[in-house]
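This is what each chain is made of:
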Amino acid sequence: MNAASSSLPASSPRVVHDEWRIRYEYPTGEVAARFFDALKERRIVATHCSASGMTYLPPRAYCERSFERCDSTVDAGHEGTIEAATIVSAAFENLPPPPYAIAYVRLDGVSTAMLNFVHGIDLSDVPAAAQRLQPGTRVRVAFVDHPQGQVTDFYYQLT
Amino acid sequence: MAVIGVGQTAHRSRHDDKTYPELVQQAVVLALEDAGLHPDQIDAVVFSMAQTTFMGVHDADKWAVDYAWARGKPFMRVNSGGASGGSALQAAHDHVASGQYGTVLVVGADRITETPDAQFVLNLIWDPMYEQQVALNTVTMTALAAQRYMHKYGTTEQQYARVVVRARRNAMNNPSAHLKGLIDVDAVMASPRIAWPHKLFDICPRSAGAAAIVLSREDLARERCARPAFINGVAGMSNTVFMGDRMGLQADSDFADFCGLPLAAAECYRQAGITDPMREIQVAEIYDAFSSFHFPQLESLGFCARGTAQYLSDDGEFDLCGQLAVNPSGGTLCSHPIGVTGLVRVAEAARQVMHRAGAMQVPSVRNALATAAGGSSQFFTVTLLGDEPRRHGSAARLSNLSPTRY
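So the sequences go chain by chain: A and B. Residue numbers for the first sequence follow this note's numbering, beginning at 1 and rising by one. Residue numbers for the second sequence follow this note's numbering, beginning at 160 and rising by one.
Be aware that a few hints might be false.
Straight-line distance between alpha carbons at most 25 Å, and here's what the computed DMTMM-like set of lysine to aspartate or glutamate pairs gives [as the list claims (entries may be wrong)]:
#1 B:Lys-232 - B:Asp-253
#2 A:Lys-40 - A:Asp-122
#3 B:Lys-232 - B:Asp-202
#4 B:Lys-311 - A:Asp-18
#5 B:Lys-339 - B:Glu-316
#6 B:Lys-177 - A:Glu-79
#7 B:Lys-221 - A:Asp-108
#8 B:Lys-232 - B:Asp-218
#9 A:Lys-40 - A:Asp-18
#10 B:Lys-232 - B:Asp-199
#11 B:Lys-177 - A:Asp-125
#12 B:Lys-339 - B:Asp-286
#13 B:Lys-311 - A:Asp-122
#14 A:Lys-40 - A:Asp-153
#15 B:Lys-311 - A:Asp-125
#16 B:Lys-311 - B:Asp-276
#17 B:Lys-221 - B:Glu-181
#18 B:Lys-221 - B:Asp-176
#19 B:Lys-232 - B:Asp-378
#20 B:Lys-311 - A:Asp-145
#21 A:Lys-40 - B:Asp-286
#22 B:Lys-221 - A:Glu-19
Just so you know, the hints here were simulated from the structure itself, not pulled from any lab data.
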């Protein structure tokens, strides 16, 4: 046991190249299935807890305040308010090519904010675009032409 | 109980001269040497490790058992993402506090650059249905929080840049630091944009490195160490995985403000009898993977009021000679082996208290604090080390703490 370097002869380290390829089959569960089915009808369906008054997106089975089961669903408004946003200028592995904007938006009638892309904004001047996406800014929801029942079926646009 | 020895390898892009567990072993050797102990004197080992995907071996903690000389001893891995090191320290602390073990080794290592796909790995930490699909990774997550913070308190990009300048300057005193050097605000501002408001220099490096800490019961610590670092407070707190729940009028905490950390700090300070952190604590080793982590974190720790840390920073109050020396080591902005970074923070805080911090040493340190943060900005740990035992109470039950204090 000694931190001093070894007296054994040195050798060049080698690097082993490797790659993982692992497949998955994820169940969405019933709560999310209801949300994704509704997206195909261009509806955004939140869950509501009458005990706490909280309305959740993404939808939850149980309320995190009252610890009671969410007992109804509510159609979220198709307009909302930005709570946080960023503009991505760098390319990340397996993410969309830059630039793009994403924002947490609290849709009208919902207690929590949901993250999605913001389209239709000029991102060439990043600080200027960030200024246009300040918290408090109103946005509206738009849907893709053929919703597939996935979260990217909808996106946000400035009103 | 007290820290009686710490060990840390250099943090850099790669350690191609060693396998992952051999890197672990180097930190173990250094910590045991620092403590003056033989492996036989360790009663149990706690292993600090986050995502194992970075180095391409699943649950590599099992690979490290032999190299940490843990064979024949209780061994457990602790994972809370970036907070793993703080949580592992908490588990080791509780091992000793329970009376079950007299001396415990906490150790871990991480190697982020063994895959070029690190931010893809960090996209996969979210659920596959809602948040993985919309370009979340740790860079965009923290950029979203920073944009919200800037809006709330009027922070500028230059104020974040000053944090980076200070960190790299401090790191020049740290032989283990990955990034270091004298740069100016203009250099930070000129670095490439990544995700507003983050530019490249606002972001930590991807580091490989290892760290280890030896903890002993108070009587053993006093026998073995002339100036141990007593653990006077240790607390951890978690928050919802959904960042969108921490925004808006009905939210009980604010995503911009490192919510969760104030609860952990309050519990840690209660245990340690700290009532005025800025006056009583001389060094803070905070987990700052991004420059934007400084202001909300220092405010959450009670060093100053909400929205004021940026001005204290501008005035140099967090410099080595300011009111509070923040990250004399250069911090996470200069070295970030994720799964062990929280432990590095504790090790650096302990060295300050033990007066073993070398060129980084801040004079007259009586109390030093270490933090860590992990997951979906959701796990927070706070550890307070002191030159004397100043323990005022055992851990409170979470239900005794008001949820409005997030």
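**OP:** Decide if the proposed pair is consistent with the structure: B:Lys-232 and B:Asp-202, CA atoms, cutoff 25 Å inclusive.
**Re:** Cα-Cα ~7 Å, so holds.
**OP:** Please work out if B:Lys-221 and A:Glu-19 have their alpha carbons no farther apart than 25 Å.
**Re:** Satisfied, since the Cα-Cα distance of roughly 21 Å is no more than 25 Å.
Subject >> Pairwise hint evaluation, B:Asp-253 against B:Lys-232, where the allowed Cα distance is 25 Å at most >> reply: Roughly 16 Å between the alpha carbons, so the hint for B:Lys-232 and B:Asp-253 holds.
Subject >> 25 Å Cα cutoff - pair A:Lys-40, A:Asp-122 >> reply: violated, 28 Å
Original post:
Has the given pair, B:Lys-311 with A:Asp-145, been kept, meaning a C-alpha gap of at most 25 Å?
Top reply: violated, 36 Å
Original post:
Can the restraint linking B:Lys-339 and B:Asp-286 be considered satisfied, given a maximum Cα separation of 25 Å?
Top reply: Violated, because 36 Å separates the two Cα atoms, which is more than 25 Å.
**OP:** Starting from B:Lys-311, check that the Cα of B:Asp-276 is at most 25 Å away, please.
**Re:** violated, 33 Å
**OP:** Could you grab the alpha-carbon distance between B:Lys-311 and A:Asp-125 and see if it respects the 25 Å cut-off?
**Re:** holds, 22 Å
Subject >> 25 Å limit on alpha-carbon distance, applied to hinted pair B:Lys-177 and A:Asp-125 >> reply: violated, 45 Å
Original post:
Does the alpha-carbon distance linking B:Lys-177 and A:Glu-79 stay inside the 25 Å limit?
Top reply: violated, 55 Å
Original post:
Between B:Lys-232 and B:Asp-218, is the straight-line Cα distance small enough, at 25 Å or below?
Top reply: Holds, at about 18 Å.
Subject >> Given hint B:Glu-181 paired with B:Lys-221 - CA-CA distance at most 25 Å >> reply: holds, 13 Å
This entry does not satisfy hints 2, 4, 6, 7, 9, 11, 12, 16 and 20, going by the numbered hints stated previously.
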